[in-house]
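Work out the full structure: start from the sequences and follow the hints.
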Amino acid sequence: MKKILIIILAVITTLIVVELILRFVVQYPIGYGKRRFVLLGGNSPYRDITLRDPYYEFWSVEGGNKKFSHNNIGTHGPDIDLSQPHRYVFLAGSSFIEAFQVDHDQTAAAVFDRDLKQCGNDYSVINIGSSGNDPYVAWFRAQFFSRLYKPDKVVLAIEDTFDEWLQRHGLPLDYTLPERFGQEIPTSKAFRLVEKVRHQSSLLNLLAQFLRSSQQRGGNGGEQEEPAEPKHEAHPSGLSQQLKDAILKFHESYGDDFLLVSFNNDANANKMLDDFCCENAINFQGTETILQPQYRVGGNGHLNRTGNEKLGEFLYEAFYITFGCE
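According to my numbering, the sequence shown is numbered sequentially starting from 1.
If you're looking for bench data, these hints aren't it; they were derived computationally from the structure. Among the clues, some could well be false.
Stated by the list, open to error - In silico BS3-like cross-links for lysine-lysine, where the CA-CA straight-line distance does not exceed 30 angstroms:
1) LYS244 x LYS150
2) LYS249 x LYS117
3) LYS34 x LYS150
4) LYS150 x LYS117
5) LYS34 x LYS2
6) LYS249 x LYS150
The structure is reproduced here in C-alpha cells:
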C-alpha cells in the first residue's frame, strides 16, 4: 500500500512539474473558449465556422514552435477599435492570409491595416482568411462575417487557381445558404466539461491538440483544427469554371466594392485572371513577387514575417490603385 501511495505521489508530482514547465518555461498555451456556427451545412468538411475568444492563444510549429494569439475579436489579424464607427475591409483567403506563422499584429492583414490608416481614412481591416479556404468557402465565410460587421470593401487574396480544391465540394457548386446558416451549433454537457477542464491546463491542451492532429492529415502550421488542405496543383490551360463562378459570385455580392488580388507565382495564371476580370468589369491586381523562397518559411512554406509584410504592402498598393485614398 505504501509503495502504491509513493507511486501515485510520484506521478502527481511529475504531472505538476510537466505542467509548470509547459506553462511557464515553454509557454505552451492553455485552451480558450470557442463557438461553432453553421456555414455550409450538409457533409461538407467546411460545414461549420469556429469563432474564438478574444486573444485566443495557439501554438505554431511552422512559426518556430512559438505561442501566438488572435486579436481582440478572435480573428488572426489587427485589433479592431469597436468604440467608434469604422468602414470595414474584409480580407478573405486561405491559410496564407490567416497566417498562423506570425502573431496577429504581424500578419499581412495588420500591415495592410496600418498602411490604410496612414492614408488618413477610417478603414479597419478584418482578416477573415482561414486554413483550407478556396474562393467558394471564402464566399460563405464573407457572408457569415457580413452579419457581424457590414463590410465597406471586400478583398479576396488568392495564391492559386484552386483547381483540385474547388472539386472537393461536389459539382456544380451550390451557393444557396443553408437553412440554419449562421446559427450556433450546440455542444453536449460532456464536451463542455472536457473543454472547461482542458482550458485550465497547458498539458491537457497539448494532449488534446495531439489527439486531434493524430486524427487528421496535413496541417496549417498552427492549430490543426480545420480539414486538411489539398496540395496545390499546376493549373490547366485555362481557368476552371468553378473559379470563375466563385469570382463572379463575389462580384455579384459586393459589386464595385470587391477587389480580387492574386499573388500567384504563375504569371500566366495572373494574366488569365486579369483578362477574365477585365471582361467582367471586376477589380483585379496581381503580382508574382510575393511567393519567393526568401519570403517563405523554409523556402517553400507559408509566408514568414517578411513575406507577410511584403504581401500587406502589396494589398495596400492594390487597394489604393483601385479605390484611392478616400
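Against the structure, the hints come out as follows:
| no. | hint | verdict |
| --- | --- | --- |
| 1 | LYS244 x LYS150 | 25 angstroms, holds |
| 2 | LYS249 x LYS117 | 29 angstroms, holds |
| 3 | LYS34 x LYS150 | 22 angstroms, holds |
| 4 | LYS150 x LYS117 | 19 angstroms, holds |
| 5 | LYS34 x LYS2 | 44 angstroms, violated |
| 6 | LYS249 x LYS150 | 18 angstroms, holds |
When held up to the earlier numbered hints, the structure conflicts with hint 5 and nothing else.
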